[in-house]
Structures are given as structure tokens and as C-alpha cells.
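Asks: Sequence:
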Amino acid sequence: MLIGFKFKNFRSFLSEQNFGFSTSSDRMHEATHLMPTGMKAVPRLCKAAIVFGPNASGKSNLLAAFATFRDLVVHSTSYSDTQYADRHTPFRFGPSMSQPTEFEIDVLLDQVRYRYSMSYDAERIHSERLLVYRTGKSQRWFDRRFDAATQSEEWAPFSPSFNGPREMWRKATRPRALFLTAAAQLNSEQLAPLAHWVEHCLEILFPADMVDLNRVASRIQDGNFKARVLKLLHAVDIPIDDLRVGEQEPSQKCLEFMYARKGWLPIWLNSIFEAAGTHRLLGLFGPLLEAIEHGKLLLIDEFDTSLHPLVARFLVQLVNDPAVSNRGAQLLLTSHNTTLMDLSFLRRDEIWLAQLNPDHTSLLAPLLQSSPRKHEMVAKNYLRGRYGAVPLIRSAAS
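All letters in the sequence shown, in the order written, are residues 757 to 1154 by the working numbering.
Derived by calculation from the structure, the hints in this document are not laboratory data. Please note: incorrect hints may appear among the correct ones.
Under the rule of at most 27 Å between Cα atoms (straight-line distance), these lysine-lysine pairs were calculated in the BS3-like manner [what the hints assert, rightly or not]: (1) K982 - K1009; (2) K762 - K893; (3) K987 - K1009; (4) K987 - K1018; (5) K796 - K893; (6) K1130 - K796; (7) K796 - K762; (8) K1018 - K982.
Turn these sequences into a full structure, and let the hints guide you.
Replies: Printed below as a string of C-alpha cells:
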């Protein structure tokens, strides 16, 4: 489960930004929207959060920060110099262009808390550290820093609690590679849970990922998966009676939809005849079901595009329903749909705002920062500009 994510000097975000699923003391939707952690420091976590804000305010860049962090952890040992340099996309105005980007992730895995941080630029990794909490006190398993003055890398002593051929892993870590990646790939059992979570339990979907039905088509021959997809379609009032994989051209698979009507033979239609919203739903169902089944963190950019507001609510409610989702799944979504900005549907600490400042820097802030009342008409006040993070509309004639 994700506790929090910090980042700095990434794309439109210059200053340090803090996103988190940790909760306030608010008891609204306590039985459905929150997960207990067993930790005194962070006793509960939210299951879902939605980020609202104007176009070009940085919402997609927030998800891109997660995606870049994931790519570095998974692939840093295999990048070419050019591929590695391309991962450094700092704020491009002023001296920040030559400064490192910083990431820190805070996760809870099997009652062990991991706080892992890194900083890097286009030339090398500048710092990397892992703090592990098995009890209340942290263990610093490893810590490396690049000293620009001496052009040398300094390593703090490894923790006695961190086992294995640590010096071999250190020597195998190149300047442009992460120690976490190298050690995990060289079979560090203690780092395996964190590396596995980043690679397999952190999934990011951008709009282009949700119009490609190949992912659904590849799984639809699994009868159990197909039955669950059909059940979800019927739950949102889409009367598709069956799904199958057909061949549009030799070796090219396509998804086909069957409609049955009393007194008529069933009709199979190619996916090109289906509505954009149906395509979108099918593109979401696979990742959403996987997140629920395996306790993943799923990030979706503009998740409700082409979806009816009630359907969008239904998707979020799937994760918040303890009878459906009880393995630690979490959602982080971006949206412009203010009908979701409803305190009968979301907690106040599940609503986040992104805005772009006049100096072109983005800021991410929780709605709680504006101290909304418990039963406030949040959507109405948001559109009135009470909390910021709305576009300033000017006359086209001026």
C-alpha cells in the first residue's frame, strides 16, 4: 500500500510536492473508504484519491512522475546513456534545468514500511537511500551520495540488518544505475518485496492505454475473466450478451460483441461499431480487476473521459466496497468531472487540487488545505474559485 510520494524538479513541478493516502481524523465513510495499517504513525490509509484542476495544470505530470520513478527502478541497469538521459525532464526555466530531480516513495508491504528516495540528473545518480521500519525505529539499509566537489561517490556503512553480498552489489552498481535495481536483479531477498511492488503492483494508465482493446482481448478467453467483465458491463446498463476474439485480418485479432434479442438470431458486431465509452470501459476493466485481485496501486489519467458520471462513480465505488476489494487496492485518478467532487461520495482527504502558477510552476495540494466544512458543497464552491485550481476564463474579444 502506498503511504506517500514526494518529488521535486520534475517537468512543471519545481518545488517539492507531497501526495499521500494518509488520512485525517474525519470519520466520514470510515467503514468503506479506509484501510487500517496496524502502524501507530499511519493508522489508516485511503483507498482512492482524485486530482482535479485546469487543463495544463500538472495533473498528467504527477502521474508521469510515478511512471518515471517506476521506469528507473525497473530498468536503470539496462538503459543506454541516451535512454537514461531522456529520463531527466526537469523544470526548464532557470537554473533548475541543471539540477537533479528527486523522488521519494513510502510504502507498506506485509507490515514492513519502506521509504526509498533517489535523486538524479542526465549524467548520473546523485543520491539513493532506503529506510526500513520493522518496528517504530528506522533502519538505514543503504545510503549513497555523489560529492560534486570531489567527483566521487560516498557510501554510508550498510545496516547490519541488511544481509547478503552487499559489496558485490555495490561494485556492480554503475553511476547511472540504481543500487536497488542492481541488488534486486542480483537476487537480494530483502529488496525483492520493494522491487516487486514497484514493477508489478504500480500501474499507470494514460489515455492512449485505454483505447487499445488488445489487453482485454488477450484475457477474454479466460471464462472467469469474461464473466466478470460481462457482469460489470451489465451493472452499468450496457446490454452486451457475450464477447469473443475474432480475426479482422490474418494474424490480427479483434474483439467482437454479441447482442441477443428475443425472437431474433444473435448478432455479433466488430468493436468498431461500439461507442467510445464502451471501449473506454473495457480498457479500464482489465487493469481495475487486476488491481482489486492483487492489491495494486492503479493510477489513471483522465479516467472518466467518455464515461457517464454515474458510471465513473461506480468504478471508484468498486475499490471502496469492502465486499469487492479487500486486498489493499488503491486508486489515484485525475479528472475534470466535478460531479465526483461530492462529500457524500468522497472524503475531504481524498480530493486533491493541481494548479499552474503565473511563473509556470505547478502546485499539488489537498482540498483539506482550504479547510472545507464537513458537509460543504465542494463542487459548487470549487467552480466559484474558492479553493483555486480553476482556469481564469477571459473574453475572447479582449
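Asks: Hints first: check each against the structure and report whether it holds.
Replies: Going down the list of hints, with the structure as the test:
The straight-line distance between the Cα atoms of K982 and K1009 is roughly 16 Å, inside the 27 Å bound, and the hint therefore holds. Restraint check for K762 and K893: the C-alpha separation of about 21 Å stays at or below 27 Å, so the hint holds. For the given pair, K987 sits about 23 Å from K1009 by alpha-carbon distance, which is consistent with the 27 Å threshold. Only pairs whose Cα atoms come within 27 Å are accepted, and K987 paired with K1018 is accepted, the gap being roughly 20 Å.
At roughly 12 Å between alpha-carbon atoms, K796 and K893 fall within 27 Å of each other, so this suggested pair holds. Restraint check for K1130 and K796: the C-alpha separation of about 25 Å stays at or below 27 Å, so the hint holds. Under the criterion of a C-alpha separation no larger than 27 Å, the hint pairing K796 with K762 is consistent with the structure, at around 21 Å. Restraint check: the Cα-Cα separation between K1018 and K982 comes to about 23 Å, which is no more than 27 Å; the hinted pair holds.
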